[in-house]
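Since the structure of chain A is already known, use the hints to place chain B on it.
Top to bottom, those sequences are chains A and B.
Sequential numbering of the first sequence, starting at 1, is according to this note's numbering.
Sequential numbering of the second sequence, starting at 1, is according to this note's numbering.
Since the hints were derived computationally from the structure, they do not count as laboratory data.
If chains are identical, the list can't say which one is meant, so a pair holds when it fits in one copy or spans any two.
With a straight-line Cα cutoff of 25 Å, these simulated DMTMM-like cross-link-like pairs (lysine to aspartate or glutamate) come out:
{"no.": "1", "residue 1": "Lys185", "residue 2": "Asp117"}
{"no.": "2", "residue 1": "Lys28", "residue 2": "Asp103"}
{"no.": "3", "residue 1": "Lys52", "residue 2": "Asp73"}
{"no.": "4", "residue 1": "Lys52", "residue 2": "Glu76"}
{"no.": "5", "residue 1": "Lys177", "residue 2": "Asp25"}
Protein chains: 2
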Amino acid sequence: MKIIIVGAEGDIGKAVCDELGPRHDIIKVGRSRGDIRVDMADRVSVEAMYAKCGNVGAVVSTAGDVHFGPLGDYIEETFMLGLRHKVMGQVNLVLAGLGVLNDGGSVTLTSGVLDRDPIRMGTGAATANGALGGFVRSAAVEMPRGLRINVVSPGLLDVSVPRYGEWFPGHEPVSSKRVGLAYAKSVEGVITGQVIIVE
Amino acid sequence: MKIIIVGAEGDIGKAVCDELGPRHDIIKVGRSRGDIRVDMADRVSVEAMYAKCGNVGAVVSTAGDVHFGPLGDYIEETFMLGLRHKVMGQVNLVLAGLGVLNDGGSVTLTSGVLDRDPIRMGTGAATANGALGGFVRSAAVEMPRGLRINVVSPGLLDVSVPRYGEWFPGHEPVSSKRVGLAYAKSVEGVITGQVIIVE
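Chain A on its own, in the form it takes in the complex (with noise of 0.2 Å):
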């Protein structure tokens, strides 16, 4: 199958590549780098990016931006950042990939763990996740051709430690290994308006 990962670069975005790269034929999109770019907030540029792609059976993203910061920091600005960007970008690869995928096809989202087992300064991302998870349950009902769409849901990452551990104080990491499972059983199952959680 022909498969869009889009966020390809990052480590959920690697954890998928690991797991579906060898049985399917991967396009890596990022928004500077990999084969192809696209900006996800862009309805247009996400249009161009499946243009340049032709036909495929799926699409996942492992993309999105969000504000973090103290709640009482949050201006409309640093708010909306998350709503227009992680929801309106990833729902956009929907939208515009309603018309384009192959019948039968599937859209993977990516939410996390937030709005599940908040943190301090997560409440955007939170919102976002929230988001999400409405969003592939009621997009579910009305999707054509056959075509599922489910959103993951995972928490810290092993690899991303290093990094974020800090910011997650006794979150247990998840592998990337069972994070690539999650994505597996989204584009190559059968399941659809599901939030996909891996903890």
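Then chain B, alone, in the frame of chain A:
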């Protein structure tokens, strides 16, 4: 207690006023009706609302616009409406309220049933509802001065059936009385960081 109710003239707002009105001093706020006017999506307007109200013990929001439409018809503008208005608007009430609510006060927001029990054309609402759930679970851990925050997620109200019932096939309406009680639990009780489901 002095309580601000934003969206007091809506079906949910009236249920809240019926429940809390006999015991508290209610300030009715709306976009186009009420004692005081506010544009929730504008932080400056929200700050002006609080300035007019003086010290309050609780703020309840039952307001928030979303766009309803088939999944494939959403464009960025229509999809973002719910994120800008129902999500950012209600978040503005929280952020601007952090410094002005009385110690131990509360904020109670409103989401809805569509992120857990989807209908056709409801993906914008489902996304906003999910976002609000993630927001309150995370924001609760950073609220200063004993402030609490919850979101009420009601099913379709009995009084709303004549207007909206045909969009919600098979949904069992919930009584306005029970919806009002959920807000009383949040405002007068002790819980925080909860999604209070009424179904």
